[in-house]
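There are 2 protein chains.
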Amino acid sequence: MRTKITLKHIAKELGVSISTVSKALKNSEEIGRETKEKVQAFAKLYNYRPNNVAISLKNKRTKNIGVIIPDIVHYFFTTVFRGIEQYANKQGYNVIVCVSDESFDKEVINMEMLANGSVDGFIMSLSAETQKKNDFNHLKEITDQGIPLVLFDRVTNEIECDKVLINDKEAALFAVNKFIENGRKKIALITTEDYFSVSKAREAGYREALSASNIQVDESLIMKLPFMEVDKDALKAFFTNNRLDAVLCVNEIFAIHGMNLVQKKGVKVPEDIAFIGFTDGILSKYANPGLTSIAQHGEKMGEVAAKMLIEKIEDEKEDEEVTYRTEIIETTLIERGSTIN
Amino acid sequence: MRTKITLKHIAKELGVSISTVSKALKNSEEIGRETKEKVQAFAKLYNYRPNNVAISLKNKRTKNIGVIIPDIVHYFFTTVFRGIEQYANKQGYNVIVCVSDESFDKEVINMEMLANGSVDGFIMSLSAETQKKNDFNHLKEITDQGIPLVLFDRVTNEIECDKVLINDKEAALFAVNKFIENGRKKIALITTEDYFSVSKAREAGYREALSASNIQVDESLIMKLPFMEVDKDALKAFFTNNRLDAVLCVNEIFAIHGMNLVQKKGVKVPEDIAFIGFTDGILSKYANPGLTSIAQHGEKMGEVAAKMLIEKIEDEKEDEEVTYRTEIIETTLIERGSTIN
DNA sequence: AAAAGCTACGCAAACGGTTTCGTGTTAATA
DNA sequence: TATTAACACGAAACCGTTTGCGTAGCTTTT
Numbered sequence: 025m026r027t028k029i030t031l032k033h034i035a036k037e038l039g040v041s042i043s044t045v046s047k048a049l050k051n052s053e054e055i056g057r058e059t060k061e062k063v064q065a066f067a068k069l070y071n072y073r074p075n076n077v078a079i080s081l082k083n084k085r086t087k088n089i090g091v092i093i094p095d096i097v098h099y100f101f102t103t104v105f106r107g108i109e110q111y112a113n114k115q116g117y118n119v120i121v122c123v124s125d126e127s128f129d130k131e132v133i134n135m136e137m138l139a140n141g142s143v144d145g146f147i148m149s150l151s152a153e154t155q156k157k158n159d160f161n162h163l164k165e166i167t168d169q170g171i172p173l174v175l176f177d178r179v180t181n182e183i184e185c186d187k188v189l190i191n192d193k194e195a196a197l198f199a200v201n202k203f204i205e206n207g208r209k210k211i212a213l214i215t216t217e218d219y220f221s222v223s224k225a226r227e228a229g230y231r232e233a234l235s236a237s238n239i240q241v242d243e244s245l246i247m248k249l250p251f252m253e254v255d256k257d258a259l260k261a262f263f264t265n266n267r268l269d270a271v272l273c274v275n276e277i278f279a280i281h282g283m284n285l286v287q288k289k290g291v292k293v294p295e296d297i298a299f300i301g302f303t304d305g306i307l308s309k310y311a312n313p314g315l316t317s318i319a320q321h322g323e324k325m326g327e328v329a330a331k332m333l334i335e336k337i338e339d340e341k342e343d344e345e346v347t348y349r350t351e352i353i354e355t356t357l358i359e360r361g362s363t364i365n
Numbered sequence: 025m026r027t028k029i030t031l032k033h034i035a036k037e038l039g040v041s042i043s044t045v046s047k048a049l050k051n052s053e054e055i056g057r058e059t060k061e062k063v064q065a066f067a068k069l070y071n072y073r074p075n076n077v078a079i080s081l082k083n084k085r086t087k088n089i090g091v092i093i094p095d096i097v098h099y100f101f102t103t104v105f106r107g108i109e110q111y112a113n114k115q116g117y118n119v120i121v122c123v124s125d126e127s128f129d130k131e132v133i134n135m136e137m138l139a140n141g142s143v144d145g146f147i148m149s150l151s152a153e154t155q156k157k158n159d160f161n162h163l164k165e166i167t168d169q170g171i172p173l174v175l176f177d178r179v180t181n182e183i184e185c186d187k188v189l190i191n192d193k194e195a196a197l198f199a200v201n202k203f204i205e206n207g208r209k210k211i212a213l214i215t216t217e218d219y220f221s222v223s224k225a226r227e228a229g230y231r232e233a234l235s236a237s238n239i240q241v242d243e244s245l246i247m248k249l250p251f252m253e254v255d256k257d258a259l260k261a262f263f264t265n266n267r268l269d270a271v272l273c274v275n276e277i278f279a280i281h282g283m284n285l286v287q288k289k290g291v292k293v294p295e296d297i298a299f300i301g302f303t304d305g306i307l308s309k310y311a312n313p314g315l316t317s318i319a320q321h322g323e324k325m326g327e328v329a330a331k332m333l334i335e336k337i338e339d340e341k342e343d344e345e346v347t348y349r350t351e352i353i354e355t356t357l358i359e360r361g362s363t364i365n
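Protein chains in written order, with the working numbering: chain A, 25 to 365; chain B, 25 to 365.
It cannot be assumed that every hint is accurate.
Note: identical chains are not told apart, hence a pair may lie in one copy or across any two.
Claimed, not checked - Cross-link-like lysine to any residue pairs, in silico, SDA-like; alpha carbons within 25 Å at most:
#1 50 - 81
#2 331 - 350
#3 47 - 137
#4 62 - 29
Hint data in this document are derived by calculation from the structure and do not stem from the laboratory.
Could you build all of it, start to finish, from the sequences and the hints given here?
Have a look at this one:
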């Protein structure tokens, strides 16, 4: 078992000092040609690589970024992560992922764990519980220490930092307008409890679209499902109690459930009822009929978030006060069989 | 902007030495009661946390584990990652994820990047390209250096290390037997090129099941699709050219594609043709009809892999020679509408 | 031949901790 | 009163690098 070789080993073996070895490997002008060659040859032979941890300590830079997301087994977050990882890697950064599991405590613990020097900055999306509690002290701690933070998708106004969002409201508005253009009138919204920043925005878009077309918003057509658990009976009741033309859902799962439900009753999609969901994930693509959905371009979001973060990390001007940006990623409506034939 | 406080700061502020502070915070017997209280109070007040990087350097332990997977936007890998992350976190480890993107070069680069002290061990699943090239020198490097490595799912016999697998062959055999029990005879297999360890094992199970029931294996019923790109036309041709009873697919996507294709032609699932896929993912659950599939219990796999890795990492007996295990995670057949009504 | 200038290298501090060992002070013992 | 033990703390080494600065030894200049 060859153990990792260090500068010290090389120095001892070659009878020179550690600093000479270090400089020789960096091709420093200070070191003579022969010595450099000797050292470099030896280093290559024994496959010397500098120890990342030591370098991190020296530079006070880990070249790691921390990503804290509520869930990883979830198409949207996965794609965002993909974007982050790709961009970060290109810039020589590694990514440490922690899953908060929608739990406030886990979110806090994970942040604290990573904040003690393990990462140079954070990219995160708030857990459901955090949004419900409205407690952001852990984020405040981080930013107060000058550690860069980028929030995406599930954000809060309480914290000043860079943010990446989609145009939730406009996307919902656009989708509802699409329904209206096609002559649909009884348009429902299936959403989550509204402590979610995104759900709130989407609902606003829904309402605005209806109002703009002089359609009275019927509160009974807005269904709020508890987060992450689809109450099938409630959903069934919702569909039997209401004669609907169209349904906008804040995620894929709600939409697929809805489609399966009505189709089982012989209602035709899209002839009798149309569906649009948020998140253009794998389910939308393979559903039958395909689900028209609002693509959030998670990979792009991740890339932008990573870029913003790394810029902040590598920006040296710690003296001047920092400014924060909010980037909006435009959504795209991907039309499939659930709205058109 | 409060900057991170160090032992040195506390020491200077309190007029004691750094070592005294360090010991006081560890509640060492060596330090007097008063001093300890003073130091601890001060540390708490200023929210002192030891710098992880410094500790890593001292201990030669990072408490990080590296996970290298071919793809993250992929249900199975995501669930495995979930299992790894959960277990690792419970044990105080963080997880650095690198995506090889099915590329040999990226796999190598990622490994080398992390191997220089950034992680204490690796969990990985081989990229497609690596399996095709059959080049495992980068893994050899790692194990030669005594860095623990656990391979899962896509493994190789060329490397001696811990492994976590599913009983691919038996699962395929079981599934095919299921078809046969139901009176199906013309049973097809849709798989990938066979440089994949898993595909090979599944094909073996398929063949064995048929042979055991004295059904001649019809080579034309075995379709090998190039990896990751479903050739729709080839698939369509396959289904029109063969009158099939049942199809076993090595993944969800192939199965869903198949189902959608035959259903579009008016063929009834499961009456005329039954489908079983590997990976009990989100698609299987929401397909119409639901896809019967072989659950690989990714989360369990991840947990087991993480456990094996951390045991190796924390096992001090570096003098004795190490032994390697291969753990098999049993699969479960989840029956849905694609095989039964 | 003395002064100056290079060349090529080593020393030591620094990053932020942990830990072993030594030591000054006081209190207990002979 | 001299000896010793206990106590409470500090100095220093160490983990692996980087880097500013000092300097020995040689060459060049005048």
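Hint check results:
1. 50 - 81: For residue 50 and residue 81, both the intra-copy (19 Å) and inter-copy (22 Å) Cα distances are at most 25 Å.
2. 331 - 350: within (13 Å within a copy, 41 Å between copies)
3. 47 - 137: Answer is between; shortest inter-copy Cα gap is 21 Å, intra-copy 35 Å.
4. 62 - 29: Within one copy, since 16 Å is at most 25 Å while 42 Å is not.
In summary, the structure agrees with every hint in the numbered list given earlier.
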